[in-house]
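S.K.: The primary structure of each chain is shown beneath.
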Amino acid sequence: MHTTPWTVAGVSLGSRLLLGTARYPSPQVLSEAVQASGTQVLTVGLRRLQPEQGGGNAFWQRVRDTGCHVLPNTAGCHSAQEAITLAHMAREIFGTAWIKLEVVGDDYTLQPDPFGTVEAARTLVREGFVVFAYTTDDLVTAQRLRDAGCAAIMPWAAPIGTGRGPLNPYALATLRARLRDAVLIVDAGLGLPSHAAQVMEMGFDAVLLNTAVAQAGDPVRMAQAFAHAVTAGRLAFNATPMPVQRTAQASTPTVGMPFWHEN
Amino acid sequence: MNTLSLNGRAMTTRAPTLQALLIERGYDLGAACACALNSTFVPRSQWPLQALHDGDRVDVIAPITGG
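Heads up: the protein sequence lines correspond to chains R and Y, in order.
Counting the first sequence from 1 gives a position; the working numbering is that position plus 3.
Counting the second sequence from 1 gives a position; the working numbering is that position plus 23.
These aren't lab readings, by the way, just hints derived from the structure by calculation.
Glycine is no exception: its CB is placed at the ideal position from the N, C-alpha and C atoms.
Watch out, some of these pointers could steer you wrong.
To be verified - Across the chosen pairs, the derived CB separations fall in these ranges:
1. Pro66(Y) <-> Pro244(R): 48 to 56 Å
2. Pro66(Y) <-> Thr7(R): 34 to 42 Å
3. Glu47(Y) <-> Asp109(R): 36 to 44 Å
4. Val143(R) <-> Asn30(Y): 32 to 40 Å
5. Asn30(Y) <-> Pro28(R): 26 to 34 Å
6. Gln69(Y) <-> Leu238(R): 47 to 55 Å
7. Gln69(Y) <-> Gln53(R): 21 to 29 Å
8. Val143(R) <-> Arg32(Y): 37 to 45 Å
9. Pro28(R) <-> Glu47(Y): 31 to 39 Å
Claimed, not checked - Some but not every residue of chain Y turned toward chain R, in silico, with C-beta under 10 Å:
10. Ala38
11. Gln42
12. Arg48
13. Gly49
14. Ala54
15. Ala55
16. Cys58
17. Phe64
18. Pro66
19. Ile84
20. Thr88
21. Gly90
The shape of chain Y in the complex, shown without the other chains:
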């Protein structure tokens, strides 16, 4: 069991990879979104392979309006 920060919120998970975490948390993998792990971009192709560790910080972002 790892304790992570997901979008700034602390949580615990057994998900071994980034993609497993996204599925566990109910994200739509087909959505227009991108991920960073510990403030480093993780390409979508790497999600299934990207291992998670205790203390990791995960950010998931999506398009919004902007100026």
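With the rest of the complex left out, here is chain R:
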């Protein structure tokens, strides 16, 4: 279920839904949810490997089998330098210059560190990486990330994993209005398909989800539901929603209304 294609980092994509690969009940459910979502981009992570674990080959092979583009993240990094080093490691393992840049600023809310994120983005772009920068809904930070040359700027809707939906629609709408030419992907905090539809109706280019699908009672059906919502939201944006009115406006024409007489 695709809308008109869109382009990020020079790649044309049909689906506007990017999907995470964590927290599914099983690898098989992950594969089925990926297929049901129609996504073409999957996020993956990196963690320390002990020799007895044998490596992440099985998971990596499963991701490759989907045929999706891979977007490695720098989740867990607390400084620009950590994120830069992990990006280099990811590029070697996955064979892609794409990187979802995350620099944690606060361990309780997992709020991104705007200073570290911008610093890392500048370096990584200079080094040839294609940076998808995870950030808050702060306008000035987003502007700095755009100026740094990020391929996509990914504001949160709410803290990651909360499923609360857009906490500050005004800030998100402002981002869209002020960064008209940037690729904007809402990443984190969405819990329901209606949340995804809401931000797509604002004109965001895409959404990135993980927990809302993976932790649903039926992740495969939820993946489908989100795919429909993303498509619906984009169609609605392209259709230009009606202006909001202050007062009631009769939808049935009032001219010729029966039983009305001038007194």
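On the provided structure of chain R, position chain Y as indicated by the hints.
M.R.: Relative to chain R, chain Y alone:
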């Protein structure tokens, strides 16, 4: 004999290079993994040449699920 930190754990080794350390510790060199030494990326092609010193910090990472 060097005392190193491997993935956050202290250890002693006689391995002279990063690749020798990986082999000594039982890593599968064919696995999808990458290495950093003292928080700096070491490309795979450099593993056989990368000398180790006392106090070095080595990280070996691999793909996992992620959001």
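S.K.: The structure should be examined with respect to each hint, and the outcome stated for every one.
M.R.: Going down the list of hints, with the structure as the test:
For the hinted restraint 48 to 56 Å between Pro66(Y) and Pro244(R), the CB-CB distance of approximately 51 Å keeps it satisfied. In this structure the supplied range 34 to 42 Å holds for Pro66(Y) paired with Thr7(R), their Cβ-Cβ distance being about 40 Å. One distance hint, 36 to 44 Å for the beta-carbon pair Glu47(Y) and Asp109(R), holds here, with the actual separation near 39 Å. In this structure the hint that Val143(R) and Asn30(Y) lie 32 to 40 Å apart at CB holds, the actual value being about 38 Å.
A C-beta distance of roughly 28 Å is found between Asn30(Y) and Pro28(R), which places it inside the suggested range of 26 to 34 Å. A C-beta distance of roughly 51 Å is found between Gln69(Y) and Leu238(R), which places it inside the suggested range of 47 to 55 Å. Distance hint check for Gln69(Y) and Gln53(R): the Cβ-Cβ separation is about 22 Å, which falls inside the suggested range of 21 to 29 Å. The beta-carbon spacing between Val143(R) and Arg32(Y), approximately 42 Å, falls within the hinted interval of 37 to 45 Å.
For Pro28(R) and Glu47(Y), the hinted distance range of 31 to 39 Å is satisfied, since their beta carbons lie about 38 Å from each other. The interface hint given for Ala38(Y) is broken, as the beta carbon of that residue sits about 13 Å from the closest beta carbon of chain R, more than 10 Å. The closest approach between the C-beta of Gln42(Y) and any C-beta of chain R is roughly 14 Å, which is over the 10 Å cut-off, so the hint fails. For Arg48(Y), the suggested interface contact is upheld, since its CB lies about 5 Å from the closest CB of chain R, less than 10 Å.
The beta carbon of Gly49(Y) is positioned within 10 Å of a beta carbon in chain R (closest approach about 4 Å), and the interface hint is therefore held. Annotation: interface hint on Ala54(Y) holds; nearest CB of chain R at approximately 3 Å, less than 10 Å. The restraint placing Ala55(Y) at the interface with chain R holds, with a minimum CB-CB distance near 5 Å, inside the 10 Å limit. With 10 Å as the threshold, the beta carbon of Cys58(Y) comes within range of chain R, its nearest partner Cβ sitting at about 8 Å, so the hint holds.
This hint holds: Phe64(Y) has a C-beta 4 Å from the nearest C-beta of chain R, less than the 10 Å allowed. Taking 10 Å as the C-beta contact cut-off toward chain R, the hint placing Pro66(Y) at the interface holds, the least distance being around 6 Å. With its C-beta approaching chain R no nearer than about 5 Å, Ile84(Y) sits inside the 10 Å limit, and its interface hint holds. Interface hint status for Thr88(Y): upheld, as the beta-carbon distance to the closest one in chain R is roughly 4 Å, under 10 Å.
Satisfaction of the interface hint for Gly90(Y) is found here, the shortest Cβ-Cβ separation to chain R being roughly 3 Å, below the 10 Å cut-off.
This entry does not satisfy hints 10, 11, going by the numbered hints stated previously.
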